[in-house]
Amino acid sequence: MREHKVAISVQNLVKFFDGRKVLDGISLEVYQGETFVIMGGSGCGKSTLLRHMTGAMKPESGKIFFGDKDLTTLNSDETEAVKRRFGMCFQSAALLDYLNVEENVSLPLREHTTLDPKIIRILVKMKLNLVGLSGFENLMPSMLSGGMKKRVGLARAISMDPEAVFYDEPTAGLDPIVCAVVDKLILDLNKKLLLTSVVVTHNMESVFRIADRVAMLHKGRVLQIGTPEEIKNSQDPIVQQFINGRLEGPINFAENIDDVNFAGEG
Amino acid sequence: MIKFLESIGTNILSWIKITQGFLSLVGQTFYWIFFGFRKKRPLKQEPILDQMVFMGARSIIIVFFVTFFTGIVLAMQSAQQLSKLGGTIYVASLVSISICRELGPVLTALVIAGRIGAAITAEIGSMQVNEQIEALDTMAINPVRFLVVPKVVALFFMLPCLTVIGDLSGMLGGYIIGVNNLGINSHLYIQTAFEYLTLKDIYTGLSKSLVFALIIAFVGCYQGLNTRGGAVGVGRATTISVVTSFILIIVADCFVTGIYYFTNL
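Protein chains in written order, with the numbering used here: chain A, 1 to 266; chain B, 1001 to 1265.
Hint data in this document are derived by calculation from the structure and do not stem from the laboratory. On a predicted model such as this, the values are computed, not experimentally measured, just so you know. Possibly wrong hints are sitting among the right ones.
What the hints assert, rightly or not - In silico BS3-like links for lysine-lysine, alpha-carbon gap of 30 Å or less:
| id | chain 1 | residue 1 | chain 2 | residue 2 |
| --- | --- | --- | --- | --- |
| 1 | A | K118 | A | K149 |
| 2 | A | K58 | B | K1040 |
| 3 | B | K1044 | A | K149 |
| 4 | A | K63 | B | K1039 |
In isolation and in its complexed conformation, chain A is listed as follows (with noise of 0.2 Å):
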């Protein structure tokens, strides 16, 4: 594992949401090609961490490296650059409503590049059977079923060939088929394109299923890193009663109502 190229790497990152310590130093590295799981309860910070190594938010201290470029000192352009080599996969899809699937998919492609349009057709052809949805071009988001317009978005994320995917939430909302289908679809993609995935959820089989590393987030803190064996078989009591849906444990009931509230100012 170690000889592994780091893609993404993340140090000491803190951001405070109204005082309040939402990411405490966190530091991870995510390999080149793994499909890396970030997992904990709601309001622990995970989408946060997802934010800040998008680059839609800024850490008050921290760095956050995309191959050898600090996300956290670029200026406006540069942010830009890096913004290209990656795609990200929105928690509700995040579909432009008033554009079709095709147009969806080809935007960043019609925004970023001076392709001929019938390239980016036979393009948008391309991604949208990677994801299982030939013939679908002329659809409005609104016509599609929740796990259509997931992958849909998957599609547009991986529409510039991108180096690395980030996943909020992928199988959120879907029934445990659907689910199924769209961690397959992940792994698929990551064998077929070669993309690092970087995946948040707090859906335990599906880690299991797709993770090579899985982090597990508590109050802003990265409590552990490991394989899921690693995982499976942590001593950590809150890891435990994380990945087994336990009601006692430490984390108890109380903290999650407080914790309730901030995520959804996050």
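Starting from the structure of chain A, add chain B where the hints point.
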């Protein structure tokens, strides 16, 4: 007492923050309009034309109705007063001047603030709460360039056009009353209507509508981009957007009129 001062302080701070955010949006928008080509991002025609159709062409009917009936009301009200002085014929010039200088631009702007300002905020606001703005940002597509610029440019060109339509339909309303009810000869009415109408009256009105267009578009976009909190948030932002536009339009109207009044431009 300290609590009172504290609340004043936080209020002022939040106002400063809003003004800052608003001005930064305005600055960014003008940057992309005039210097976008430097970053190889010149203005794109297609989204601007789309917006023009939506904002301009589809608003003609509602603008026509509002100003047409205002013209009718204005003619009826002024006829009553002017007939006492024996100057019914001056209804024509009174209607045309007050419509062109004041009522045409302001009413059109208020109608468009209600129709287009609300639509802009609701559209961008729901994109904001559905992560679509963030998605644009992660795709390295600047939301201001992509969403705000076409709307501002389109409305800047369409509101004066709509104002001209509003002016004409207002005068048409006055004409119908003048000719049918007041018994003024059609030819005489038209002649009187344009006799006292100077070029200045028209460009005063049109210059106002340019200012109003910027107000509606920027307030709408700013409120949309700063929407928080789901569907309720979108509703709230839309309300604030329309109310703010209304107030700013009236205030700006007063200022622009003042400029013309005091400086003899």
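Outcome of the hint check:
1. K118(A) to K149(A): Distance of about 24 Å is within 30 Å: holds.
2. K58(A) to K1040(B): holds, 26 Å
3. K1044(B) to K149(A): Roughly 28 Å between the alpha carbons, so the hint for K1044(B) and K149(A) holds.
4. K63(A) to K1039(B): holds, 27 Å
Of the hints listed earlier, there is not a single one the structure fails to meet.
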